[in-house]
Amino acid sequence: MRLLTAVTIIVFALNTYGQDISYTQSFDSPLNLNPALTGYFPCKFRAGGNYKNRFPAYENLYKTRTLWFDSKIKLEALRKQWFGAGFRFNNDVAGGSLRNTSGMATFAFNHGLVAGNSLYYTVGFGIGYQAHRLNYEGLVFDSQWDGNDFDPFLPANEYSFTSSNGFFDMSAGIMATYENQKANKVFIGAAMHHINKADESFSGVESPMAQLLVGHFGFDITGNNDIRFSPRVAALIKSRQIDINAGLEVGFNSSYGTFIIGAYTRNFKEFAPALGVEFRKWTFKASYDFATGTLNQHAVGMASGLEFSLVKTFVCDKRIAPSSARNKKIVPKVWDKSSVKCPSFS
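Here my numbering runs 207 ahead of the position in the sequence shown, where the first position is 1.
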């Protein structure tokens, strides 16, 4: 059974993309998904956090934490351009052996293509640093298998390793968005992570980090009954492996806030119901991954994962472009409309 456990863990670990952050609520960790999503919201400031406990049946096996902050910058002199700037911090723990910590600054440039900026494109990029630490006490190797169990006192017969490494990391992304005056919008984007393919090896043998390609699509539509529909699809491609995360969230608006229900699927092998609430510029969501299909009961228990996201927006009294840029002319502050009188004709 212990061998079955080890093999099953490895299979699921391969599907979590190793060093890459993988949230079911990927659109609620926007700076991890695409740097072009920096500043992609109607207020001036935004801060958020994410947490995921993967394989909770095994203590401390996979835990991921993210903190992030971004801002939208609009200059009055620019009618069709606005900017975004942000920073995100990730801490990813794989069992007691591997810990990855990374920080990245992200930037975005937006340009309106039509009058009112209802159609616009976004270009984003990020630069940061990753630090990986390896704890040998938590590792076992095939040479330590005695036929019944792993014996840590047997020789590992492996190359010498360093306990830590670090490297600079780069990402870039693009997006296109159409948004009408009712704030209904549709968007499509793509990103490339680990552009510089840094060496992530612990053994001294060069091992370039594989690039991660991301494509995503979604739209938001609010009907006359104040019900908001938000479908989302994200495809992640790395080392010839494709991971598709699709979902739908439905928001029920009221004078007290917005109640959210939703569901996600990952490669149609995992299903994750989600609940959330929006209240006074706070948005909280929780989801739980369940394995589906023909996986045995032991693997199903491992595949589950609890996830939380929390987002807060600030300075929303003046909606910033594109929501306020459409059909809004920039009026010099020195001009007081009350001082201008219509001419009289007699």
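None of these hints come from the bench; they were simulated from the model.
Hints should not be assumed to be uniformly reliable.
Under the rule of at most 25 Å between Cα atoms (straight-line distance), these lysine to any residue pairs were calculated in the SDA-like manner [unchecked claim]:
| hint | residue 1 | residue 2 |
| --- | --- | --- |
| 1 | Lys-392 | Ser-278 |
| 2 | Lys-251 | Val-300 |
| 3 | Lys-287 | Gly-425 |
| 4 | Lys-404 | Leu-513 |
| 5 | Lys-270 | Phe-459 |
| 6 | Lys-389 | Lys-445 |
| 7 | Lys-281 | Arg-306 |
| 8 | Lys-251 | Lys-488 |
| 9 | Lys-404 | Val-457 |
| 10 | Lys-270 | Lys-389 |
| 11 | Lys-519 | Tyr-463 |
| 12 | Lys-251 | Ile-428 |
| 13 | Lys-389 | Leu-513 |
| 14 | Lys-287 | Phe-521 |
| 15 | Lys-488 | Ser-408 |
| 16 | Lys-389 | Arg-435 |
| 17 | Lys-488 | Ile-451 |
The structure displayed is predicted, hence computed values, not measured ones.
To see whether the hints hold, each was checked on the structure:
1. Lys-392 <-> Ser-278: 20 Å, holds
2. Lys-251 <-> Val-300: 33 Å, violated
3. Lys-287 <-> Gly-425: 23 Å, holds
4. Lys-404 <-> Leu-513: 31 Å, violated
5. Lys-270 <-> Phe-459: 31 Å, violated
6. Lys-389 <-> Lys-445: Given that 25 Å is the threshold and the Cα spacing comes to 37 Å, the pair is violated.
7. Lys-281 <-> Arg-306: 38 Å, violated
8. Lys-251 <-> Lys-488: 12 Å, holds
9. Lys-404 <-> Val-457: The given pair, whose Cα atoms are some 39 Å apart, is violated under the 25 Å limit.
10. Lys-270 <-> Lys-389: Outside the cut-off at roughly 39 Å; violated.
11. Lys-519 <-> Tyr-463: Holds - the C-alpha atoms of Tyr-463 and Lys-519 are around 17 Å apart, at most 25 Å.
12. Lys-251 <-> Ile-428: The given pair, whose Cα atoms are some 22 Å apart, holds under the 25 Å limit.
13. Lys-389 <-> Leu-513: 34 Å, violated
14. Lys-287 <-> Phe-521: It holds: about 23 Å lies between the C-alpha atoms, which stays within 25 Å.
15. Lys-488 <-> Ser-408: Violated, at roughly 43 Å.
16. Lys-389 <-> Arg-435: 12 Å, holds
17. Lys-488 <-> Ile-451: 30 Å, violated
In summary, the numbered hints that this structure violates are 2, 4, 5, 6, 7, 9, 10, 13, 15, 17.
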